[in-house]
Every structure is written in structure tokens, then in C-alpha cells.
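**Q** Chain residues, written in single-letter form:
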Amino acid sequence: MLKKLQLKKHALTAISYMLPLVVAAGLLIAVGNLTGGSVVADYTEAYSIPDALVSLGVLGMGLLAPVIAAGIAYSIADRPGIAPGLFMGLIANSIGAGFLGGMLGGYLVGYFINWLKKNVKVPKWAEGLMPMMILPMVSTTVIGLLMYFVIGVPIVAATNALTAFLMNMQGASRFVFGSIMGGMAAFDFGGPVNKTASLFADGLLLEGVLEPEAVKILASMVPPFGVTLSWVFSRIFGKKIYSSREIENIKVAFPMGITMITEGVIPIAAVDPLRVIFSCTVGAAIGGGLSMMWGIGSPVPSGGMFIVPAMNHPLKFVIALGIGSLITGILLFVLKKEPVEQEEFLEEEEEEFDMSAVEIS
Amino acid sequence: MKIVAVAACTSGIAHTYIAKEKLLKAAEAAGHEIKVETQGTVGAENELTKSDVAQADVVIIAADIKISGQDRFKNKKVIEIPTNVVIKSPKGFIARVEELLKG
Numbered sequence: 001m002l003k004k005l006q007l008k009k010h011a012l013t014a015i016s017y018m019l020p021l022v023v024a025a026g027l028l029i030a031v032g033n034l035t036g037g038s039v040v041a042d043y044t045e046a047y048s049i050p051d052a053l054v055s056l057g058v059l060g061m062g063l064l065a066p067v068i069a070a071g072i073a074y075s076i077a078d079r080p081g082i083a084p085g086l087f088m089g090l091i092a093n094s095i096g097a098g099f100l101g102g103m104l105g106g107y108l109v110g111y112f113i114n115w116l117k118k119n120v121k122v123p124k125w126a127e128g129l130m131p132m133m134i135l136p137m138v139s140t141t142v143i144g145l146l147m148y149f150v151i152g153v154p155i156v157a158a159t160n161a162l163t164a165f166l167m168n169m170q171g172a173s174r175f176v177f178g179s180i181m182g183g184m185a186a187f188d189f190g191g192p193v194n195k196t197a198s199l200f201a202d203g204l205l206l207e208g209v210l211e212p213e214a215v216k217i218l219a220s221m222v223p224p225f226g227v228t229l230s231w232v233f234s235r236i237f238g239k240k241i242y243s244s245r246e247i248e249n250i251k252v253a254f255p256m257g258i259t260m261i262t263e264g265v266i267p268i269a270a271v272d273p274l275r276v277i278f279s280c281t282v283g284a285a286i287g288g289g290l291s292m293m294w295g296i297g298s299p300v301p302s303g304g305m306f307i308v309p310a311m312n313h314p315l316k317f318v319i320a321l322g323i324g325s326l327i328t329g330i331l332l333f334v335l336k337k338e339p340v341e342q343e344e345f346l347e348e349e350e351e352e353f354d355m356s357a358v359e360i361s
Numbered sequence: 001m002k003i004v005a006v007a008a009c010t011s012g013i014a015h016t017y018i019a020k021e022k023l024l025k026a027a028e029a030a031g032h033e034i035k036v037e038t039q040g041t042v043g044a045e046n047e048l049t050k051s052d053v054a055q056a057d058v059v060i061i062a063a064d065i066k067i068s069g070q071d072r073f074k075n076k077k078v079i080e081i082p083t084n085v086v087i088k089s090p091k092g093f094i095a096r097v098e099e100l101l102k103g
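Chains as they are written, first to last, in full-length UniProt numbering: chain E, 1 to 361; chain L, 1 to 103.
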């Protein structure tokens, strides 16, 4: 049953639509902030280009919940899901249920539309009205009211409780929280676990909690930087740990890392997953813990090194990032074995995979 | 046999293309004809044409997310799997596809 619902696939679909939005909005806020802009409160007064950039970025952030809700509903119910999904996101924004509310609204409205499609039979002449009027109108009304009066309440309470909990954390518990976030964000190099941590951090950002966002940014950059450092070590100390093909990959992964794209490390991790994942996760966990403990916060969710100046403690961030990357680098340098030069990408050993679940659908 | 495939992942910048490469190599090594459409963040590339789909013996969808244009494959044999299956075990997967089509 659960498998049939494919909750994860729907969330991932929505995230894939949301990512460019987060990046663009984040960079707009960062560039605007750095050039001295602030949010335009009154458009009848004069405002500058930096002010306009920040305001645009903030508007973009406001689209997060609607886009995630619409993405989820679209993934579930196809096109008829988009419009009602946008509505659910707007409700989540306005009642303060944020990101979680948007996701839940997206799921509910998506499944409800599917149910309507199946169970509401209209005469032939009214078929055109189904996608155009009946589905969006009925689903938005029913799930919308449910969001306002029933589901919104516990979600708002949960969001507030979580926010208060994070705000009040001290010392060691902050370190632990930061390590978990950091470890998760680095664990699969931009895959679903990373996206879960990011989603959580982005949600908290909307509630005004800035620290997890800094952890996420740090942890996304530790793997590429750590891998690069380990290669530098291997050059300095003359211990060969990468094949020439891997070195080519590192040269690509590093610049990608500067812009906070972790995916460049995947080809390197694919060759030796255990050691690479372990080293990256440990480095990111320690860096993330430090970042959280030192109270480093980022008002911007994405952008890599370019948005560091927009953080509250840019220097401390760089130190935490440096420590995390150094740990990853040293671990890799120590753990990695001499590589076998591979001619063919495909010659990697195949993992055992239970293929019996693969069926023609 | 003739295979058409669609690859798509969450961020649409890495796994999508790794999955494509793995599928291509594994299928060609096993002597099949294959064409892979990628649906990354930039949009669809190497798009499957109507005749590609019409001639295909099987459609492979290696995706972590909902792909666009699923309705193109109505009445075809469709195998849906997450990208990590073809990334981790491309040869094993192709072998399984052969098995499924035979039986």
C-alpha cells in the first residue's frame, strides 16, 4: 500500500521543481544584501537596484511552499494538481504552517483529485467541465477548508515547537544537532538524504531559524573540498590514492563544490563508496557541529562560497568549513588504497541487486 | 532488441546522466539497440521520437521523479525503476529486462 503511494517520489519531483527557485531566490537575496539592499517595504517611496534584488529574492522564497505543494500534487494527479496545489501552498504560507504545511497540502489535494477523477461521473456534455471547473473548484474548496480549520492547527503548533526547541538549544546539543544535519547533507552527495536535510533547513529558514541553513551549505561543500585536499596531500606526500581518471573528476568536482554542488564527488564515490562516504560524512558532521555550536547562520539557502559574506559570521564559517574539509581530506588520505588504473568506467564491480522486484508495469 | 529509455533524477544534473551512460554501455555490451532521453534540469535532451517509441520492444524509465510525457508509452511494455538500480547494477538490470521480455 505504502509503496503504491510513492510518497518519496512525489516529494522528490516537487523538490526538483523547487531547486532552481531556491537557488535563484537565494542568490538574489545574497547579491542584494551584499550591495547594501534591504526589502522594499513601501513601493511608493524611492528604492534602489539592490533593494529590488533583495525584494525579488524574498518574493521568490514566498513561492517555496506553493511550488512544493503544486509539485507534489502534480506528481500525484498530473496537470489538474497544479492549480489546487498552488492554493494549498498559499494557505500554508498564510496560516504559518510553512513548508511542512505546503507538503501535506500537496499530498492531500493530489490524492483527493485522483479520488474525484475516479469517483465523480459526469454526463458526456459536462466532461469538459471536469478538469476546468469541477476538479480545481471542489478540491481547492474541500482540502483548502480542511487546511484552514483542521490540519493547519497541529502543523503550526509543531512548527512553532520545533523552532522554539532549536532556538533554545545550547552547547553540546547544538553540536549534536549540527552533526546530524551535516552528516545527512553530505551522506549521499546531493541525493535523497541530502535533500531531506535541505528541505528541513529551508523550512526552518522560512521560520527565521538561520543556523541549519549554514550547516547545509557547509556540508554540501565539505565532500568536494575534502576530496580535493586529499588529492593535494597525496601529491605532497607521494602516496597515490587516485587513478588518473579520478583526478580528472576531482578537477571538475572542486569548482562545482565552490558553488555548493556536491554531485561532482559522485564519480569518485562510485569507485570506492565505503571510504569516500565515510570520510565525507564524518568531515561534514564535525564541520556542521562546529557551525551550529558557534551560532553561524545563513540568511540565504544556496550559492556556495559566493554567499559566505552574507552570513552572520563569515570568518567562523570558513574556519568550520576548513576543519570539516581537512578532516575529510585526512581520512581519505589515510584510508584510501592505491588505485587500480581502470580503462573502462563500466568495469567497476557490479553491486548485487535483487532484480526480482523489477517488473513490467 | 530495441530499447528506449528515459532517465531523470531529483536535481537533474548528475544522476540522470550517469544513469544514461550506464544504460547505454550495458545495453550495447549485451548487443541491444538503445536510445536514452534525459530529463534533467535543462529539460529533455535526445528526445525519443514517435517512431523510436513505436519500434521499441521495451520502455525503461529510470527515474526518481515523475517524468514528463509518460502517456507516450501507452500500450508499450514499460519497466520503471529508480536511477540507482541502473547506476549500481546496469548489467544485472539489462539481464533482468531480457528475462522479463522472454518470459
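Incorrect hints may appear among the rest.
Far from chain L, by Cβ distances over 10 Å, these chain E residues were calculated [unchecked claim]:
#	residue
1	Leu19
2	Leu116
3	Val120
4	Pro136
5	Val156
6	Val176
7	Lys239
8	Pro255
9	Gly264
10	Ser361
Here are the simulated DSBU-like cross-link-like pairs (lysine-lysine), alpha carbons at most 35 Å apart as the crow flies [to be verified]:
#	chain 1	residue 1	chain 2	residue 2
11	L	Lys25	E	Lys239
12	E	Lys251	L	Lys25
13	E	Lys9	L	Lys35
14	L	Lys76	E	Lys240
15	L	Lys74	E	Lys118
16	L	Lys77	E	Lys118
17	E	Lys240	E	Lys251
18	E	Lys121	L	Lys77
19	E	Lys124	L	Lys88
20	L	Lys88	E	Lys251
21	E	Lys121	L	Lys91
22	L	Lys91	L	Lys77
23	E	Lys239	E	Lys9
24	L	Lys2	E	Lys124
25	L	Lys50	L	Lys74
26	E	Lys239	E	Lys251
27	E	Lys121	L	Lys25
28	E	Lys239	E	Lys337
29	E	Lys121	L	Lys50
30	E	Lys9	L	Lys91
31	L	Lys35	E	Lys240
32	E	Lys8	L	Lys91
33	E	Lys118	E	Lys9
34	L	Lys74	E	Lys9
35	L	Lys2	L	Lys35
36	E	Lys8	L	Lys77
37	L	Lys2	L	Lys50
38	E	Lys337	L	Lys88
39	L	Lys74	E	Lys240
40	L	Lys91	E	Lys337
No wet-lab data here; the hints were simulated from the structure. Bear in mind the structure is a predicted one, so any value in this text is a computation, not a measurement. Ideal Cβ placement from N, Cα and C applies to all residues, glycine included.
**Q** Each hint: holds or not?
**A** Here's how the hints hold up against the structure:
1. Leu19: violated (6 Å)
2. Leu116: holds (19 Å)
3. Val120: holds (21 Å)
4. Pro136: holds (19 Å)
5. Val156: holds (28 Å)
6. Val176: holds (27 Å)
7. Lys239: holds (28 Å)
8. Pro255: Per Cβ check, Pro255(E) is outside 10 Å of chain L; nearest 14 Å; holds.
9. Gly264: violated (8 Å)
10. Ser361: violated (5 Å)
11. Lys25(L) x Lys239(E): holds (32 Å)
12. Lys251(E) x Lys25(L): At roughly 24 Å apart (the allowed maximum being 35 Å), Lys25(L) and Lys251(E) satisfy the hint.
13. Lys9(E) x Lys35(L): holds (24 Å)
14. Lys76(L) x Lys240(E): With Cα atoms ~50 Å apart, Lys76(L) and Lys240(E) exceed 35 Å; violated.
15. Lys74(L) x Lys118(E): Given that 35 Å is the threshold and the Cα spacing comes to 19 Å, the pair holds.
16. Lys77(L) x Lys118(E): holds (24 Å)
17. Lys240(E) x Lys251(E): Since the Cα atoms of Lys240(E) and Lys251(E) sit roughly 16 Å apart, the hinted pair holds (cutoff 35 Å).
18. Lys121(E) x Lys77(L): It holds: about 30 Å lies between the C-alpha atoms, which stays within 35 Å.
19. Lys124(E) x Lys88(L): violated (49 Å)
20. Lys88(L) x Lys251(E): holds (24 Å)
21. Lys121(E) x Lys91(L): Violated - the C-alpha atoms of Lys91(L) and Lys121(E) are around 46 Å apart, more than 35 Å.
22. Lys91(L) x Lys77(L): Between Lys91(L) and Lys77(L) the Cα gap is close to 20 Å, so the pair holds against 35 Å.
23. Lys239(E) x Lys9(E): violated (42 Å)
24. Lys2(L) x Lys124(E): violated (40 Å)
25. Lys50(L) x Lys74(L): Roughly 12 Å between the alpha carbons, so the hint for Lys50(L) and Lys74(L) holds.
26. Lys239(E) x Lys251(E): holds (18 Å)
27. Lys121(E) x Lys25(L): violated (48 Å)
28. Lys239(E) x Lys337(E): holds (9 Å)
29. Lys121(E) x Lys50(L): holds (33 Å)
30. Lys9(E) x Lys91(L): Roughly 24 Å between the alpha carbons, so the hint for Lys9(E) and Lys91(L) holds.
31. Lys35(L) x Lys240(E): It is violated: about 38 Å lies between the C-alpha atoms, which goes past 35 Å.
32. Lys8(E) x Lys91(L): The given pair, whose Cα atoms are some 26 Å apart, holds under the 35 Å limit.
33. Lys118(E) x Lys9(E): holds (22 Å)
34. Lys74(L) x Lys9(E): Judged against 35 Å, a Cα distance of about 21 Å means the pair holds.
35. Lys2(L) x Lys35(L): holds (8 Å)
36. Lys8(E) x Lys77(L): The given pair, whose Cα atoms are some 24 Å apart, holds under the 35 Å limit.
37. Lys2(L) x Lys50(L): holds (14 Å)
38. Lys337(E) x Lys88(L): Roughly 21 Å separates the two Cα atoms, so the pair holds.
39. Lys74(L) x Lys240(E): The given pair, whose Cα atoms are some 52 Å apart, is violated under the 35 Å limit.
40. Lys91(L) x Lys337(E): Holds, at roughly 26 Å.
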